[in-house]
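Colleague: One line per chain: the protein sequences are G and U, in this order. The first sequence begins at 1 in this note's numbering and counts up by one. The second sequence begins at 1001 in this note's numbering and counts up by one.
You may find that some hints are simply not true.
Cut-off 16 Å, straight-line C-alpha distance, at most; resulting in silico cross-link-like pairs (EDC-like, lysine to aspartate or glutamate) [what the hints assert, rightly or not]:
hint, chain 1, residue 1, chain 2, residue 2
1, G, K16, U, D1035
2, U, K1066, U, E1078
3, U, K1087, U, E1356
4, U, K1133, U, E1356
5, U, K1084, U, D1104
6, G, K79, U, E1042
Think of the hints as simulated: they come from the structure by calculation, not from any bench. Bear in mind the structure is a predicted one, so any value in this text is a computation, not a measurement.
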Amino acid sequence: MAGSINIRFPLRKSPKGAFETNQSTIQAVADDLRILILTNYGERPIHYDFGANLRRIIFEQGPDVRQQISDAIVAAVDKWMPFVILQDVQVNDSSTSPTVRPNEVNVKITFSVGQLEGVLEQRIRA
Amino acid sequence: MATTTQKKRNIKYLNRDFESYKRDLIDHLRIYFPDTVQDFNESSVGIMFTELVSFIGDNMSFYLDKRVNESFLETAVEARNILKHAKQLGFKPFGKTAAAGVTDTFLKVPARTINQRIVPDMRYAGTIKKGAKLKSKSGKTYETLVDIDFNTVWNGTGNPPSNLVVVGDRDGQTKQPTTFVLKKTGIDIKAGETKVTTFSVGAYQSFKRLTVSEDDVLEILNAVDSEANTWYEVEYLAQDTVFDGLANTGNDATDVPFLLKLRSVPYRFISEFNIATNRTSLVFGTGDAQSFDGDLIPDLGDLALPLFGRDTFTDFSLDPQNFLKTRTLGLAPVNTTMTVSYRVGGGDDTNVGSGEINTVAESTFDIGDSTLNAATIRDVGNSFSVANPGPIQGGRDQLSIEEIRQLIPAVFAAQSRVVTPQDFIARSLSMPAKFGSVFRATARLNALNKNSVELITLSRNSEGQVTIAPGDLKNNLKTYISRFRMMTDAVEILDGTVINIAVNFNILVNSDFNKTEVVANCIDTLKDYFEITSWQLNQPINLTDIYTALAAIPGVLSVIDVTITNKVGNFDGRVYSNTTFNVNSNKKNGIIYCNSNAIFEIKFPNKDITGAAR
């Protein structure tokens, strides 16, 4: 039996007690990516600059906000999860996708770890 | 036999910071939970938890270190903690201190003709009351600490002393003196200004605190309530007596101007200086001043456990507040108005050089004779002037926290009690001079009673000669020591012994020098050598020192001999002590020894140091 890799995020209670864990590497890395892009500077003790700090960008709505979000994600992954290769980062807002509500952005990250590939889709509210 | 294997985990307890906690927790997870957690990058939830725990550990280590550091005087850094250490070790923080010194004072009085002599009219030589306000050139205020009685400058007989009385003004035509200037020297002054404030005190409150609403209070001078009770400042509230001086009317009043008494002071307070706010507070005790009946000792029967007919009893709880309600910590003022006078000022800038204090800002001139000319009295009072001949020093700004930290050990070593012989000696010598001055003291255990201390003292008379301490001085000393001695110690104050001696020397003088001059120089050298302030009880005379001192004088080729003789009783109008001392039998290897309670003195140096030259 394969062992647990890490704790799932968001946290869920496991029927075996404690928290549910990820059994697959791709799912584990996707959860780590989710934590990384949802964390803003200063939210993590000791590591002040941990995270993609997207809230600041989302609050500063401008013409190139989607590009700024994409750049921030690439930079954060490069710094904190260098073992992840980003193949594509798509950022959509209400102007580019009818399913995205105002004050929201939808981030779709296609990534690979070694031979494994995965996709993370995360909606971020301003 | 069954055996049990206990899995022992290697846990490190020496980690103190975030990184070491995190590193070892991850190592722990890798070793003991390899199937549960394999993801150790910062983005994972497990590491987030690990970091949170490490962060808490780091914080707790920091505060643990800090608390431990703050627990010791040497490592404490917070001012409030250093002050708490100071208080615990008996150091009383204080603010600025005031410069102090002496000044010369002058008063111009009219001239008067008596028996065809023009002299100062001493009827106008009144008193400048203490508290006269003086100003320095830089505008700082100083106050005189004593009354200045100019009437003591000249008693009207003989010629006025030329160093204290000079002609002030002269008549334009006759050139005769019309005024004289009287001079009083050595008047104590201190920087600062006396001020008065009042506090309205309401209902009873234990440890009532009244804070003077002004910075840089140097000292509390006086506190009086509206019922005219004087409240005395004490070192600590449990101190229920203070020293008080009564004017001595006995025969030895010259040497002992005041008799020392212990005054019981239920009306008392301590002053506390807050170094953070720079304010001074008066803190009172716990007794109710309105129900004060003069009984300082609580009725212990009130504290006994009532048995109500039972013969046995078990442990019982006791409220310590019951003890605090006694008046043993002094009274607290209730429903009254407290008038407090205090001195304010001080600081580095109150130190000034000679001649800097030259202005009288305010003074009160008091003259007893009301029949004198009022306008002249006013002119004389207004003529009061000052000039400080030397620097006024000792002022300094508030202590820094680091200075307090350095001072605390010294204060801790200086306890307010006498235990060792050195304590007795130091305490005896520190008695205020107005109660009689102990010149030399030594202490030893009574050979027959180990709980009894023999305190041997000597004093000096008005001519500076060593003498047996007057009876009143010894009584004052006994009262003074009683406040500090241990309850089980008995103190016997004994007289020391004065051994009067004379010195004669013979020297060979170089023919190029004047013999008389060389002998005079030798006598001056021996006067310095035997100056009594340099001698202690039990101090031997080393003849080699005398030979060496004489041989070092220019013109002295060799010291032929030095003879020490004992002087006893009356001789040629000079009165010596009655102590007989055999010099030869107490001389050993060129050193003359005396008993531990004795001191050598050349009482009349001008007569008893003699020499001859060849």
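Colleague: Are the hints correct? Go through all of them and say.
Modeller: Going through the hints against the structure:
{"no.": "1", "hint": "K16(G) to D1035(U)", "verdict": "15 Å, holds"}
{"no.": "2", "hint": "K1066(U) to E1078(U)", "verdict": "10 Å, holds"}
{"no.": "3", "hint": "K1087(U) to E1356(U)", "verdict": "38 Å, violated"}
{"no.": "4", "hint": "K1133(U) to E1356(U)", "verdict": "14 Å, holds"}
{"no.": "5", "hint": "K1084(U) to D1104(U)", "verdict": "44 Å, violated"}
{"no.": "6", "hint": "K79(G) to E1042(U)", "verdict": "10 Å, holds"}
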